[in-house]
Amino acid sequence: MKLLTHNMLTSHVKGVTKGYPLLIKATEVKVNEVEFNPQFVSRMIPKLEWSALVQAAEEDLPGELVADYETNEEFLKKVHRILLEVEVLEGCLQCPESGREFPISRGIPNMLLNEDEA
Amino acid sequence: VTNMSSQEDESAGGGSEPAEPSSSPSTEIGTTSGDIITVTIGATVPTGFEHTAAEEIKEKIGVDARISKDRGRVFFPITTDKLFQVHLLRSVDNLFVVVEEYHHYQFKESKEETLMELQQLASTLPWTNALEVWKQNGTLKKKKGHRRGGNTAKSKPNCEGVGGSMASTEQQELPQENSAPEGWAGDTQAMETSTQDSDETGHGSKLIKFRVTCNRAGDKHSFSSNEAARDFGGAVQEFFQWKADMTKFDIEVLLNIHNEEVVIGIALTEESLHRRNISHFGPTTLRSTLCYGMLRLCKPQASDIILDPMCGTGAIPLEGAIEFNHSFYVAGDNNDMAVNRTVNNICHIQKRRADKGSMSGLPIDTVQWDLCSLPIRTSSVDIIITDMPFGKRMGSRKKNWDLYPSCLREMARVCRPGSGKAVLLTQDKKCFSKAISRMGGLWRKQHTVWVNVGGLHAGVYLLKRTGSRSCTQPCHAANPSVFFGLM
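Chains as they are written, first to last, in my numbering: chain A, 1 to 118; chain B, 1 to 487.
Isolated chain A, as found in the complex (with noise of 0.2 Å):
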């Protein structure tokens, strides 16, 4: 799984009104080398809900974006790195308001609610 698709999901579990962003408890990442394109970058992140980006990277990210960022290649490159070459292989997601763990193997986030969670 990777930051930018975590950046998207959110636990649906009934009743639930704030199950965004899921916390990501990793026991086993991977980096992959994936083609860096600056444009891709600079367009998705005002599509990102920035803050949960921050929270999940644990890296130097800064908590506000910075002004300019289309332009400045280095910061790209930190958020393209983040976004597309972190992947959690092994682990779970755990929605923040009723603490029901979603389990992730081989990178594959399992979000299939039971039937009494639907």
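Keep in mind that the hints were calculated from the coordinates and are not lab data.
C-beta atoms are modelled at their ideal positions from N, C-alpha and C, and glycine is treated no differently.
There may be inaccurate statements among the hints.
[Stated by the list, open to error] Which residues of chain B face chain A? A few of them, derived with a C-beta cut under 10 Å, are:
(1) A302
(2) S303
(3) T342
(4) S358
(5) D365
(6) V367
(7) R377
(8) S380
(9) V381
(10) D382
[Unchecked claim] Cβ pair distances, simulated, as ranges:
(11) B:P126 <-> A:L89: 56 to 66 Å
(12) B:K299 <-> A:T71: 20 to 30 Å
(13) B:R352 <-> A:E70: 30 to 40 Å
(14) B:T79 <-> A:L89: 44 to 54 Å
(15) A:E49 <-> B:G418: 11 to 21 Å
(16) B:S433 <-> A:E90: 41 to 51 Å
(17) A:V29 <-> B:F84: 39 to 49 Å
(18) B:M246 <-> A:V29: 47 to 57 Å
Since the structure of chain A is provided, determine the placement of chain B on it from the hints.
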């Protein structure tokens, strides 16, 4: 707006090369001068996506393609120095070089006369250029390290395969377009011609092996494709002194007869390119050329987030991640085997790329989810693209009546209002149209392409997500005209 896929032949006559004098045939191919020659290439494409293929040809090769009356075929000129470009095309299933084309072939009245004429034709056709192209293409394939990929059951999973690769019996390989239920008496036959000749040519050159494949469609022919292949093949063998071999052939001669249109060609692809990405098949895996056509239809832009909520083995998002790699793909399915096969297919491609020395990572991810309750933030997706269950090979018609409205509603929720799009393939056109019309104005049909998938007529619907905000509660079918938050 529906787009019917049949097209009139747009060119003012092609393939009018003068027939070569029937001088002594040579068993050796290609005493070439090394000059650059222009030939016509024919390509078979998924029916309905002829225009898409023409667009891609214009884009990557820079020439105008002609769409044939025989659906699922396009033709375009190319110079031999640019031949390698044809192998970059993602919308074509098979490629061949045209030897000769007749647009209004006048068949003789009787079968005997017709077949006799076909036999005589063999020695008069302008084979030289086409054979030269075939030869050069053979060199190209060797350079590419061409391997018999994807289509066989022999490929081993490269990462830990869960669920393993499926045998080729599950591929639902569709026969060529003329077998589609359109009332045409089409049949296909590849015929090995019998020979009493000895195997040796006595010339010391490598013995060429060939076969003839005949596709025939039309209800006014006095002969079968079987007979045409046999007689034409026999004459070809006489002329060139090649050896006929059904399975281990070097040259595949194509004889395509569609009503009055006759095209003779030489195949440039050994097997269909349409399964190129997939090594781990499922019961309903879509061919990659069809996936490519669907993706082109939605015109993915840089940083578009593209979801396939019923991804099966991941054919569509994987093709996207390779060909339109400036977007990001999330492939999802509720089925264990499906998500595992998707990951296996992605790993397989990544390993192949790593082996070639390129950066292997692809902009794609896989999630296991229930598509009627997507764990995705509202309005966060730009494009939804998927192959919806047909109810014939998977699911059922009755299930679709419940499934379609729920999933269309959920897809509308996650899709960005105003700018979002969906490209949905389905055979259950009635159920689909009804479900859309009851959506309270969330989707608007923009364009439809009619295609043939495994012998079934299906529609690829391009939808626009309107500016209407999604219902937060289930829409009631009883009030189809109630619009929530129209902007």
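Each hint tested on the structure:
1. A302: 5 Å, holds
2. S303: OK, holds: B:S303 within 10 Å of chain A, min 4 Å.
3. T342: With a minimum Cβ separation of about 8 Å from chain A (threshold 10 Å), the hint on B:T342 holds.
4. S358: Constraint on B:S358 satisfied, holds at 8 Å.
5. D365: The hint holds - B:D365 has a Cβ within 10 Å of chain A, the shortest such distance being about 4 Å.
6. V367: OK, holds: B:V367 within 10 Å of chain A, min 5 Å.
7. R377: 5 Å, holds
8. S380: 5 Å, holds
9. V381: 8 Å, holds
10. D382: 8 Å, holds
11. B:P126 <-> A:L89: 56 to 66 Å: 58 Å, holds
12. B:K299 <-> A:T71: 20 to 30 Å: Holds, at about 27 Å.
13. B:R352 <-> A:E70: 30 to 40 Å: 34 Å, holds
14. B:T79 <-> A:L89: 44 to 54 Å: 49 Å, holds
15. A:E49 <-> B:G418: 11 to 21 Å: 20 Å, holds
16. B:S433 <-> A:E90: 41 to 51 Å: 44 Å, holds
17. A:V29 <-> B:F84: 39 to 49 Å: 40 Å, holds
18. B:M246 <-> A:V29: 47 to 57 Å: 53 Å, holds
Hint violations for this structure: none, all hints satisfied.
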